[in-house]
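Participant: Chains as they are written, first to last, in my numbering: chain C, -2 to 315; chain L, 200 to 432; chain U, 11 to 549.
What the hints contain is simulated information worked out from the structure, not anything from laboratory work.
Glycine included, every Cβ here is placed at the ideal spot set by N, Cα and C.
Keep in mind that a hint or two might mislead.
[To be verified] Chain L stretches covered by chain U per the calculated footprint, using a threshold of three residues with CB under 8 Å from any CB of chain U:
(1) 244 to 251
(2) 357 to 370
(3) 398 to 412
[Stated by the list, open to error] A few chain L residues that face chain U, going by a derived Cβ cut-off under 8 Å, partial list only:
(4) G234
(5) F238
(6) L239
(7) P339
(8) G354
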Amino acid sequence: MAAIAAIPIHPPAASSIAEGVDQLHYFLTAITLFFTVLIFGVIFVLMLKYRRRSEDEVPTETQEHLLLEITWTVIPSLICVVIFVWASSLYVQNARPPAASTEIFVIGKQWMWHIQHPEGPREIDELHVPVGVPIKLTMTSQDVIHDFYIPAFRVKKDVLPGRYSSLWFQATETGTYHLYCAQYCGAQHSMMIGWVYVMTPSDYAAWLSSASDNESMTARGERLFTQLGCSTCHVSDGTGKGPSLAGMYGKDEKLKDGSTRLVDESLIREAIVNPNSVALPNYPPIMPTFKGQVDEEQVMQLIAFVKSLASQERTNGK
Amino acid sequence: MNDMAAHGAVHDAHPPGFAHQFEDVQQQRDAGRLGMWVFLATEILFFGGMFTSYTIYRSLHLSAFITGSHLLVVKFGAINTAVLICSSLTMALAIRSAQTGKSKNTIIFWLILTMILGATFVGLKLRFEWYRDYIEQIVPGINFVPHASWGADAGQVEMFMCFYFFMTGLHALHMVIGLGILSVLVWMTAKGRFSPEYNAPLEISGLYWHFVDIVWIFLFPLLYLIGGRYPGS
Amino acid sequence: MSTAIAPPHDVPAEPRVNYLNASYGIKSWLLTVDHKRIGILYLISITFMFMIGGFAASLMRIHLLEPQGALVQPETYNRLFSIHGIVMVFFFLVPSIPATLGNFLIPIMIGARDVAFPKLNLMSWYIFITGSCFVLYAILSGGVDTGWTFYAPYSSTFAHTSVIAAALGIFIAGFSSILTGLNFVVTIHKMRAPGMTWFRLPLFIWSMYATSIIFILGTPVIAITLFLLGLERILHVGIFDPAIGGDPLLFQHLFWFYSHPAVYIMILPGMGVVSELIAAFSRKRIFGYAFVAFSSMAIAVISFLVWGHHMFVTGQSVYAGLIFSVLSFLVAIPSAVKVFNWTATLYKGSISYQAPMLYALGFIGLFTMGGLTGLFLASLAEDVHLNGTYFIVAHFHYVMVGGAVMAYLGGIHYWWPKITGRMYPDVWARIAATIVFVGFNLTFFPQFVLGYLGMPRRYAVYPAEFQVLNVMSSAGASILAIGYAIPLIYLIWSLKYGPIAGPNPWGAKGLEWTIPSPPPTENFEVMPIVTEEAYNYHE
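Next up, chain C with everything else stripped away, as it sits in the complex (with noise of 0.2 Å):
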């Protein structure tokens, strides 16, 4: 008995949304709670009231009655909106991380999650963040569709081969707490689990500096963009035979089809690999694929290179 009074009936919730989708989950359960017993309950009262007492009583006809249906439709209906409005309105507002959140990079694969800090640190199943920080994750997987959750927080994405999914969180309390793989991905599905530990800012920063690989995610990318030959075509004064990469991350930008996309992950990622379904207008479609050249942690130190020049400015040579 004293085990089962041990159960407890929520995680706990280390995010600053946990304890709205609490709440939302208490109301439904609630709601839930209402009606099953008012249909138990009304159901138990009708069996005992109306049982059959002989073999050859008729039973009252009722009338139809057209009140009652609206009454009954509209009700749960009404109660449904608040239900949709209450929870989409929780799910918008979460739906986009603030503008200043820390970026961290997860990539998914069979069956493991790789995960690199901009500033270098790079952890297996585990996930070190400060408190109190908003962190934005963005993700993707090397094979199979995996799913990114932590439960504690109440956030879950899908992490899909060939794009970028991103979820955040903020954490309000230290601790250590459970990370999960919640997309079936193959025969070690349930052991692609891990820890993520919320440590106070001074103890991160601490945590940070004392890992062992310090190269920043920018300078490896630096470092790759060089070797790959990249900085061949994509001169910095716009004089290559590509366009410069400078200023370009975070604005919008007219495709050779006509579209206009903005930079972001994913554009780069796609330019990196299917290179001609981004083309630009006045660059011959001369870029070779690096699909299979570059994993997707050299991907991701690619962009990080390329974000860091966003603030550089615009040049544009031809």
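Start from chain C and add chains L and U according to the hints.
Facilitator: Okay, now just chains L and U, sitting in the frame of chain C:
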């Protein structure tokens, strides 16, 4: 029991092919027609899944799909379209012949002509399109070799060819099934089963044949004609 | 409490010719075109498939007694839950009520001699058996480990199990559904007896009609989806795998476009059965007949518009999420309307508690709970937390097992005397119904809690803190298994030793109760002419 005896008396009035779960021939014909329309609805959803997937990928990878479309030979697609439309005409004439009480040889003539046109469709496709694709090594999964000029688009060009083979293959399979149905109809006609009063199998098979024709009429422009092939497009 | 069933006085002493004894021998069964015999063929087949799916579930629940797994390796566990899902969804639940009770009853309830296309009906059964054989082959050749959802690119590129065999089995069985649905639609439209207008039809027929619409329009899409998946797997071409140019989310959209309406294929017939049971065992016309009938149609239509609620966390746009969420709330309303109407039917009724009624009442309670927990999942902010956890598992088992399976058992018990001519012992039946109800709740209620706590689904091993709830769930499963085994025993026993049932042991209204038990092959000696409303208990 009386009903059974009474039923026996009218039994000889039922034409051959009458099925006894029905009350009368009219009910059987109505049921057969409704059944075929319902079946065609399922076919629309069946092909629809592929049409939807094709449309989505085409909007995502337009340039690659145009490249792929230009690998197809419009001439044969167009000839086949004409062949199929004619076959629908001959099918309709076969049904009309039965409805107006023409001789069974007339009906068989139109049915066989329909079969010849259908077989022509399949034959042209096999010999001048698929076999040619095989020679040119653009059959995905079998011997697909990308051209250098496609560059990074190669994967999506292969995807276009996949959809081309899947969709036309599924359509061709339906054509072949249709040819089988037509041969059964020829046999039934030869046995004298059809008359102006009873020709439901012809009618509902006609519905099937026209449907297969209509699917091709959608397939042809979608697959063969995207991206334009004339100067300035 | 009502008395035991007493056979009516005019039961003939010597056997009468009926559909069961009209002809003998295996050929007369395997080549039958009698819809009643085909219903029995399906009954045997799906019972066999239920046992396979249930066996997989038993192994799973035993395995989950321990956090590190008590029974099998994770790779085997993955095969177990995949087989459990595939067999239970496609080879038990989807055909259950339609192919057994639907085939048996639809012609009789509308006053026809058979379905519109009896030979097509037999072919449907053979197609079902062929599909089952492919799935059995998949199981025996090492199993399949993609889950019943076959998500790409795992299933198209990474899995090393019998994916093609399993997908082919489902593809083939899909045609069985399509042809059955086609048969039912044409039968209901064209072969109603004189006087049987649409609004005099039993509500079971309305539900079966709505189900058939979904069979016809939805099943072809899963067929094409699995076909494309198979081609990708064999030819290594890129339809769903991004590594070779495809889009894995396209698979999910296509898959769920069928699989969401599929769940309504599984529940609508159950709702139809419950309407019949409530009417018969309270001896009253279902309250709000027209509303219940239209609710079935509304559910069928709206069910095609909500598939995106399975994909709220895939990264689809916020707007898509909002639209699918509001439509998912909308689809709940007709179900609520039905629950209220069934409950109102009990008012001023004459209620008896034989086993079919217990199953029907259990359905109403458990379906209410299951349906309401669906609202949690339609709520975007909630679903982010709950998607992929045991909450989902609990929700769908409440509606599919607490709902559909209980309705199926209730229907089997109610129409058993009509189908077999024998009565089963009602005391044992009531005991079994109670054991099923208790065992079911003990199995699946803890899973709601596990889900909110964050335990993901499809996990072969789990953190130790979840063990107490898992043990409770497994304990419940053992009780549930007993509850399912008992009817198997007494129903088979009743075939030889049960008292002979007359044409109408329940005193119920409906054309099926006006003909002998078991019915003659042609159903009606004289075609009925219908002059009264359905459920006309108020003489």
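Participant: Indicate, hint by hint, whether the structure satisfies it.
Facilitator: Results of checking the hints against the structure:
no., hint, result
1, 244 to 251, "holds (count 7)"
2, 357 to 370, "holds (count 4)"
3, 398 to 412, "violated (count 0)"
4, G234, "holds (5 Å)"
5, F238, "holds (6 Å)"
6, L239, "violated (10 Å)"
7, P339, "holds (5 Å)"
8, G354, "holds (4 Å)"
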